[in-house]
Amino acid sequence: MPTEPYLVAGVVLAALVILILLFKAVWRVAEPNEALIISGLGARGRTELTDSLGFKIITGKGTSVLPGFQTARRLRLDSRAANLQVSCVTQQGIPVVVRGVVIYKVGDDLHSIANAARRFLDQQDSMNGAIHELFTGHLRSIIGNLTVEDLILNRERLTGETRASAADEMIKLGLIVDSLQIQEIDDETGYITNLGKPHAARIAASARIAEAQRDQEATEAEQVAAANKAAAWRDAQIKQAAYQAEIDEAQARSRQAGPLSEASARQEVVVQETRAAELEAALAEQRLQAQVRKPADARAYETVTLSQAERDARIAQAEAEARETELRAVAQASQVKQAAAAEAESVRLRGLAAAEATKATGLGEAEAAKARGLAAAEAAKAQGLAEAEAARAKGLAEADAIRARSEALAENQEAVIAQQLAENWPRIVEAGARAFGNVDHMVVLNGAQGIEEMLAKALTLGGTGLGLARSLLNGAAPASGGGPEANGKAVDPAP
Amino acid sequence: MVGKQGRVTGRIGPGLVGEVMVEVRGGVEAFYAHSTIPDEVISTGSIVVVVEYFPPRTVYVARALV
Numbered sequence: 001m002p003t004e005p006y007l008v009a010g011v012v013l014a015a016l017v018i019l020i021l022l023f024k025a026v027w028r029v030a031e032p033n034e035a036l037i038i039s040g041l042g043a044r045g046r047t048e049l050t051d052s053l054g055f056k057i058i059t060g061k062g063t064s065v066l067p068g069f070q071t072a073r074r075l076r077l078d079s080r081a082a083n084l085q086v087s088c089v090t091q092q093g094i095p096v097v098v099r100g101v102v103i104y105k106v107g108d109d110l111h112s113i114a115n116a117a118r119r120f121l122d123q124q125d126s127m128n129g130a131i132h133e134l135f136t137g138h139l140r141s142i143i144g145n146l147t148v149e150d151l152i153l154n155r156e157r158l159t160g161e162t163r164a165s166a167a168d169e170m171i172k173l174g175l176i177v178d179s180l181q182i183q184e185i186d187d188e189t190g191y192i193t194n195l196g197k198p199h200a201a202r203i204a205a206s207a208r209i210a211e212a213q214r215d216q217e218a219t220e221a222e223q224v225a226a227a228n229k230a231a232a233w234r235d236a237q238i239k240q241a242a243y244q245a246e247i248d249e250a251q252a253r254s255r256q257a258g259p260l261s262e263a264s265a266r267q268e269v270v271v272q273e274t275r276a277a278e279l280e281a282a283l284a285e286q287r288l289q290a291q292v293r294k295p296a297d298a299r300a301y302e303t304v305t306l307s308q309a310e311r312d313a314r315i316a317q318a319e320a321e322a323r324e325t326e327l328r329a330v331a332q333a334s335q336v337k338q339a340a341a342a343e344a345e346s347v348r349l350r351g352l353a354a355a356e357a358t359k360a361t362g363l364g365e366a367e368a369a370k371a372r373g374l375a376a377a378e379a380a381k382a383q384g385l386a387e388a389e390a391a392r393a394k395g396l397a398e399a400d401a402i403r404a405r406s407e408a409l410a411e412n413q414e415a416v417i418a419q420q421l422a423e424n425w426p427r428i429v430e431a432g433a434r435a436f437g438n439v440d441h442m443v444v445l446n447g448a449q450g451i452e453e454m455l456a457k458a459l460t461l462g463g464t465g466l467g468l469a470r471s472l473l474n475g476a477a478p479a480s481g482g483g484p485e486a487n488g489k490a491v492d493p494a495p
Numbered sequence: 001m002v003g004k005q006g007r008v009t010g011r012i013g014p015g016l017v018g019e020v021m022v023e024v025r026g027g028v029e030a031f032y033a034h035s036t037i038p039d040e041v042i043s044t045g046s047i048v049v050v051v052e053y054f055p056p057r058t059v060y061v062a063r064a065l066v
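Chains as they are written, first to last, in the numbering used here: chain A, 1 to 495; chain B, 1 to 66.
Heads up, some of the hints might be wrong.
[Stated by the list, open to error] Listed below are the simulated DMTMM-like cross-link pairs for lysine to aspartate or glutamate, each with C-alpha atoms no more than 25 Å apart in a straight line:
| id | chain 1 | residue 1 | chain 2 | residue 2 |
| --- | --- | --- | --- | --- |
| 1 | B | K4 | A | D178 |
| 2 | A | K56 | B | D39 |
| 3 | A | K105 | B | E29 |
No lab work stands behind these hints, which were simulated from the structure alone.
The structure presented is a predicted model; accordingly, all values stated were derived computationally and were not measured.
Between the sequences and the hints, there should be enough to build the whole structure, so can you do that?
Next up, the structure:
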């Protein structure tokens, strides 16, 4: 059994293992996120780095490192984060406490790696402390150039300020800043809170306004709905009441239908009875008209007619009596007058017979003529007086028959007086003629008319005396014996 | 580096340190950028061309004639 091949194989394997171990000990590979910094024998950089400090930078590949002659160190190119907390003031002088984070890494180019390697190769874990210190100062100056509003809102301004402030120093350190983030701003004065307050108040106000408006609209809608409900309820109640009233009315009407028809029937009966009574009353009236009124009218007409006839008869009788009295007075007057004339003529004739013959004859004729004239005048006067009295008596008789009769009787007295006067006429004429007796020659220019005028004047004077005498006679009416005295007195003033 | 195009991610202007993103080494890296023309302002989003490169992280750029 040959053991050679196994030995050879074992030796080869051991040699291979040794070789691999040796290779592993010599060969180093740089990961994508790291750089190998090789320094030592033969460690030369690239041509452009001939003036370098004498180390080689390997990224992304492997290389051999001679143990004992060379040393390889790894520089991590990962992103690192450093938390920052800075108390500072803004551009407006407002004190704030800013907490942020800066994300940085070692630059990927060889220059940056070289710079970083020279600074941080043994202090990679303390890199954060240095960056923290660095960025604290930078952040303070950055925030000092910004306002709170920019800090919150203007991100480009923040990054720009960060670049402008830290670019050179980061280049020196071989680092690049990927991002600077402000995480939190503590504002002791309440500036940020107040910054939002107007907007918050405006939003709150608009919210309250909207709420109030919606509430108002809702309330209005509710009230309108309630009002409509009430109106609908009212309408329904009104309609129900109206229908109920109609129902009640119909029921009442149906209940009253029986009595009503009875009453209407009775009413018609009463109407008919009333009409019958009216007809009876009309019949009775007609009967009364025929039996009572017509005869009464006839009787009344008869009475009136009889009364009128009686009255007319009485008037006619009174008129006749007045006429009779008047005529009687006229007759008496003419009788007295004739007697007086006769007496006067006889007296004168006796006087003339006793007077001288010649003169007496002429005078007697004259006086006879005068006496005739006078007699005629007196007769006419007496007739006129009698007519007047008769007319008066007639008027009185028309007014009242009885009074007319008494008046007529009074006029009779007048007539008596007149008669007495007539009886005294001769003496009156004598007295009147006495005036002419003293006249020797009387020339009468107008003839018989002139004599009449003269006599009329003389008798007019006597007439006044006659009126006076009548008034005296009236004063002593029943004393008929006083008549001559009055006549005598009446005559006296005549001349 | 020189001649590569990049995109402005931070405003470039006088008194400011701008930022451009440039494709390099198989990735995209951010570089501090300044304008080659003094007082020129290049706003964010513009395309620029790297005119000068100052290691490790500074470039001078000009507007690209797109």
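Checked hints:
| no. | hint | result |
| --- | --- | --- |
| 1 | B:K4 x A:D178 | holds (22 Å) |
| 2 | A:K56 x B:D39 | violated (41 Å) |
| 3 | A:K105 x B:E29 | holds (12 Å) |
In summary, the one numbered hint that this structure violates is 2.
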